[in-house]
Every structure is written in C-alpha cells, then in structure tokens.
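Colleague: Sequence:
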Amino acid sequence: MTASRPAAAHLAQLNVATLLHPFDDPRVAPFVELLDPVNTAADGAPGFVWRLVEEGAADATGLRPAGEDVIVNLSVWETQEALWDFAYRSGHLEVMRRRREWFERHIEAHLVLWWIPAGHLPTVGEALERLADLRTHGPSPRAFTFTSSYTAAEAAEAAEAGRVRTAQGRGL
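The sequence shown lines up with residues 114 to 285 when you count with this note's numbering.
Everything labelled a hint here was simulated from the structure, so no lab data went into it.
Quantities reported herein were computed from a predicted structural model and do not represent experimental measurements.
Glycine included, every Cβ here is placed at the ideal spot set by N, Cα and C.
Wrong hints could be hidden among the right ones.
Label-pair restraints from in silico Cβ distances [stated by the list, open to error]:
#1 ARG213 with ALA274: 35 to 43 Å
#2 GLU270 with ASP182: 35 to 43 Å
#3 GLU270 with GLU207: 34 to 42 Å
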C-alpha cells in the first residue's frame, strides 16, 4: 500500500485594524506613505504568493468589509516561516512598531491564520469567517495565530475528521 502524500498547502492570513482617524486625516498620512514600500517588499518577499487588492488600486485599504473604520489585509504565503520573516524581519516591522499612532488597540483577535490548498485564493468572506471562528472558539487547526499555530497536516487531519463525523451523522 502506498501512503498518500498530503496536498500542497499555503498559509492564508487576515489582519484587521481599526483606524483612530479617517483614512484621509493628516494623522494617518505617515501610515499611508508606508503602504507602497511595504506592499512592494511583500510582493518581492520569499514565499509570498498573493495579496488582496481593490480593483484599480495598489492595495486593499479602500475595501471596508469589516466596518467603515476597519482596514483589512489578506494575503497568502508558501509557509508560516515566510510570513513570519516578512512580518518581523523586514520593513514591515516599522509599521507594526508605530501601529498605535494610527490604529485602536484590539481587545479581540485581529489576526487569523489558516491553511488553504495551494492555488486557492481566499475570499474576504472566508477570511472574516475564520476570524470570527478564532474569536468565538479560540485557536484550532481551522483558525489560529502565530503563538498557537497548527501545521498544514494537522489542519488537513482535523478537516477530514470533521467530514467523517458529518457523514456519520447523516448515516452514510
């Protein structure tokens, strides 16, 4: 018997940030000025796959699916390590260090990670559902954080177990 290889997986991430001031307010201008260089760095980072951009724009800051004062960042990476390196070992870290100048402190989870099949591009709805799952149920193979992460194999195993339970519940 040949062992089946797990399907290739990529890591999706969503983070949300609630603006302290309107996006066109001069107090937010330093953040806006950092967007292009940080997005360019992300696009060229090792392991980067894709990021959400608004049609006709260079980024997704005009999209407001989580509220008028909430901006979203949705991207896909080959590995968790690639995302970690970009987030914490690149110019992106400067934005994170200054985030309190532009964004409210979140009480609830504002970042969610989850594994997707390679080639799949997550929708904003899917991403917001994963964030809601994390906020409601805590970290799981379905929705997790850097500090409570799961491997792609663990996520696939949990998803398969869920499918089996569902089929058994239907008497299949």
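Colleague: Let me make sure I understand: some of the numbered hints might not hold for this structure. Which ones are they, in numerical order?
Modeller: none
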